[in-house]
Every structure is written in C-alpha cells, then in structure tokens.
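If you read the protein sequences in the order shown, they are chains L and D.
Using this note's numbering, you'd call the opening residue of the first sequence number 157 and step up by one each time.
Using this note's numbering, you'd call the opening residue of the second sequence number 4 and step up by one each time.
Simulated from the structure, these hints should not be mistaken for laboratory data.
Be aware that one or more of the hints could be misleading.
Said to hold, decoys possible - Partial list, computed: chain L residues near chain D (C-beta under 8 Å):
(1) S185
(2) D189
(3) L190
(4) V208
(5) P210
(6) I213
(7) Y225
(8) S228
(9) V233
Glycine included, C-beta positions come from ideal geometry on N, C-alpha and C.
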Amino acid sequence: MAFLLKILAPALSLALFAGPTVAQEMPISIEVDLKLEKSVVDADGNSRVERVEPDLIVPGDRLVFGRIYRNSGPEAVPNFVVTSPVSSAVRLAPDADPSLVVSVDGGKSWGVLSALTVAAEDGSARPADHADVTHVRWTLAMVAPGETGRLEFPAIIR
Amino acid sequence: MKRELISLERAVAASLLLALPVSASAAGVDAGTLIENTATATYDAGEGPTTINSNTVTLKVDELLDVTVSSLDSGPIGATPGSVVLTFEITNTGNGPEAYTLTANPAVGGNDFDTAIDGIAVDSNGNGVYDPGIDQILTGPETTALLDPDENLTVFVLATVPPTVVDGDQSTVDLRADAVTGTGAPGTTFAGQGVDGSDAVVGAGGASDNATGSLIVGITTVDLTKSATVADPFGGTSTVPGSTITYTITAVVSGSGSVSGLVVSDVIPAGTTYRTGTLALDSSALTDASGDDAGEASASGISVDLGTVAGGSSHAVTFEVSID
Numbered sequence: 157m158a159f160l161l162k163i164l165a166p167a168l169s170l171a172l173f174a175g176p177t178v179a180q181e182m183p184i185s186i187e188v189d190l191k192l193e194k195s196v197v198d199a200d201g202n203s204r205v206e207r208v209e210p211d212l213i214v215p216g217d218r219l220v221f222g223r224i225y226r227n228s229g230p231e232a233v234p235n236f237v238v239t240s241p242v243s244s245a246v247r248l249a250p251d252a253d254p255s256l257v258v259s260v261d262g263g264k265s266w267g268v269l270s271a272l273t274v275a276a277e278d279g280s281a282r283p284a285d286h287a288d289v290t291h292v293r294w295t296l297a298m299v300a301p302g303e304t305g306r307l308e309f310p311a312i313i314r
Numbered sequence: 004m005k006r007e008l009i010s011l012e013r014a015v016a017a018s019l020l021l022a023l024p025v026s027a028s029a030a031g032v033d034a035g036t037l038i039e040n041t042a043t044a045t046y047d048a049g050e051g052p053t054t055i056n057s058n059t060v061t062l063k064v065d066e067l068l069d070v071t072v073s074s075l076d077s078g079p080i081g082a083t084p085g086s087v088v089l090t091f092e093i094t095n096t097g098n099g100p101e102a103y104t105l106t107a108n109p110a111v112g113g114n115d116f117d118t119a120i121d122g123i124a125v126d127s128n129g130n131g132v133y134d135p136g137i138d139q140i141l142t143g144p145e146t147t148a149l150l151d152p153d154e155n156l157t158v159f160v161l162a163t164v165p166p167t168v169v170d171g172d173q174s175t176v177d178l179r180a181d182a183v184t185g186t187g188a189p190g191t192t193f194a195g196q197g198v199d200g201s202d203a204v205v206g207a208g209g210a211s212d213n214a215t216g217s218l219i220v221g222i223t224t225v226d227l228t229k230s231a232t233v234a235d236p237f238g239g240t241s242t243v244p245g246s247t248i249t250y251t252i253t254a255v256v257s258g259s260g261s262v263s264g265l266v267v268s269d270v271i272p273a274g275t276t277y278r279t280g281t282l283a284l285d286s287s288a289l290t291d292a293s294g295d296d297a298g299e300a301s302a303s304g305i306s307v308d309l310g311t312v313a314g315g316s317s318h319a320v321t322f323e324v325s326i327d
C-alpha cells in the first residue's frame, strides 16, 4: 500500500490547508463496510452463506457493500439521499434488489435497472444489465432522531 | 489483501485512483486492482442541501494462480531415430504476472519406447517453429519468463528417438507447468506473494497443468527387384540376335511412412538396343520423351520418377530391348 499512500499524500496536505470539508457537528452520519459472502458447509453437509471479513478476495467472489446511517441529532432529517459509485472492478450481482435505483451512465440519469438502456456496439440501444451499473442510490423521505439503518448491495468481482 | 480505512478528506483522491481503467483478463480483474466502497449522502434540513461523505473502505484483489498447457501438434509426430521436436503452449490463466517451471517427462505409461529429453526451448522469435541457435534453450530448473494474465508462450520439447526403435513404435512425452509462486489444492494461499503485496491463491486448476505430445516412428524401406523374360524370333526363349528381352523392375515400399523423390532408372545393357515405345509403368505406356510424363527412355537408358510413394505400395517399371 506504500504506492497508494504516496499518491494520497498531496491530496491529504491540500485537504489540511483547505480545512475539513465536512462540518464536525453533523447530526447524521454514514459509514460504509465491505464484507465477503462465503458459502460454507456445516457438519451436516448443509451449505449456508456467511459474511466474513474480506481477507482474501479473487475474481468471482461475492462482496456486500454496506452503508450504515445514523441520526444522532435531535431533529428529523428529510430527503436523505445516499449515493455510491460501483467500483469498475465489480458488477452488481444478478440477484440485487430489482427496485434498487441505479445509474448506468456515471450518475447522470437514474432508474430501476429494467427501465434503463445503454448503447450497444452498433450504436443502437440495448437493455442495461447488472454489469452496466455505475452508481446506486437510495432515497429516504425521513430519518427520525435516533434512527439508524443499513443499506447494502451485493456485487461480484469481475 | 490489505484493507484500509481512509478518512473523509482522502475520499476525493481515492476516487481519482478508481477512475483509472480496470484491466481484466479471462480470469477476471487483474491482481492488485483496488475495489473501493464509499458513499455520499445529501439532505436538506432547511438551510440548503448538505452533503456528507462516508469513510472509504478499499480492498485489493488478490492474485489467482493458474495455468493451462496444451499440445500444438495436430497429431503424432512422424519420427525416425534421432532428434524430434514436440510443440506446446503455456497460457497464464491467472490474473497476475506469473512464471512457470516446466518439467518434461518422457516415461509415460503405454510407451513402446521412451525418448531422451535433450532440453526445453522457448519460441524466442515467435514463429511457432523450433529454430536451433535462435530459440532460447532453458537451463535447469527450466522456468519461463513472467507471463502476463492471458499471455501464452510456445515452448519446444527437444527429444531424441533411440536407434533401437522399430517401425510403428509410439511414444508420448508429458510436459507439466507449475506456477513458481506455488501449487496445491485450489484455495491454497501464499500470504503476501501476489502482485503489490497481495496474497496469492491457487485457482481451480491447482496452478499446475500438463499436456502430452506423441510421436510415431516411421521407418520406410524400398526394395528393387529386376527380372527378365526372353522371346526369340522363333517363338522360343533362347537368347539369340533378334530376341526381345522384357525387363521388369519392381519397387516395393515398406513401412508406415513414405518415401519422396523415388526415381527408378536403369541402363540399356551392352549388346542390346532399346525398343522405342516400350517403356511402361504399372502396365500403362509412357512416352520415351522427357518432361511429358513420369518416364523417359533413350538408347542409353530409362528413368521413371515415382515421386512420393507411401509405405505398403509397389510399382512395376517395364521396358524391352532387342539383342544385337
């Protein structure tokens, strides 16, 4: 990771000069985690899916991208919209919630996957599929004081 | 795999990293690729839209080790005692650069005989054919250069067929490639030995593969037999001036291979004269002129070009002379 830190260093110093870009007293917070879904077979021969820390990940593995929001303030937070890019190294899993609002054009336009199209090689439009998804988005009308929740989507490493 | 929590201020820089194109191979995204999880949330509590960023979790894709080996020979190689070359292809089916140790085994069950392995060469000039002195011969332990994901390499197994073989003998040579990082049951992990310090993990194929190439001995021989019948002018078989001698030269080709450029020629014996227009191949007449068919004849001798003749066939050349 030395390589990553080197690239990050200039950005970090820039950020320090500019001061924190996020207010410290935010009543609401969001935190992400990333889990690996692994199929394990128990002593009785039944297989079940377990979520584990992703210590080893290779193409074809199934990851769950989680985000936890928490309203720790005294006021309700209206129109809470959570947006996430989908790493180009993964594709949205085929069994992802079909009502999930997604973008297949880098976040310019949004809809459920079945309503979206992308340009095919010959320039015509074809229905978008899970591998085309670039962003996902959730919209919560209201997050009540003290409310916490978890949003997630499954994806498979390309 | 390395895992990092990146603070809010660094999220922007991390996004830039992810904007780089992800290169993928048949085995999936390349080892060392970073997968990032981050989120942005907006809301409006009456003072205009407010945006908050989450932390960012970054994972590094670990390295899958795998390989395939295949024979590039379309079938058994025809061989005779001496040198023979078998051609194979090594393909990196993992997702990171990997080198492979090659092992050629000439003692395969069912062999009529075993070859002696002289070496393994790589197709340095990429023409698919072994070029002595040009294609690099690997020194032990025979190890390829690093192959990128999906990259393939043609290699040659150089072997010697012993002089004791007989026609039709067959032999098989096995070539195995093992990932240098390690092999084992799928899922076997080599901590920190993958790309950029990622872990290396054995793929479904065990990070090892083998393929066989075979050869068949084709020893072909040609036997020529010459016979003569005499007819005298009086209906008998005495050799007197004016008698006709019909010569038959039979070429019998034996063995599983074939011979090429087989030419049958003979001289007209002294004291005899070639009877023009009597040259024939397998009872079909040939002209005496050269160039118009397989045969030619003159006062000094005859010649018939049989070209390439497969083992197991025979041909008869006939011509007549008269005794002077």
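Hint by hint, work out which the structure violates, then give me just those numbers in ascending order.
Numbers 4 and 8 - these are the hints that the structure violates, sorted from lowest upward.
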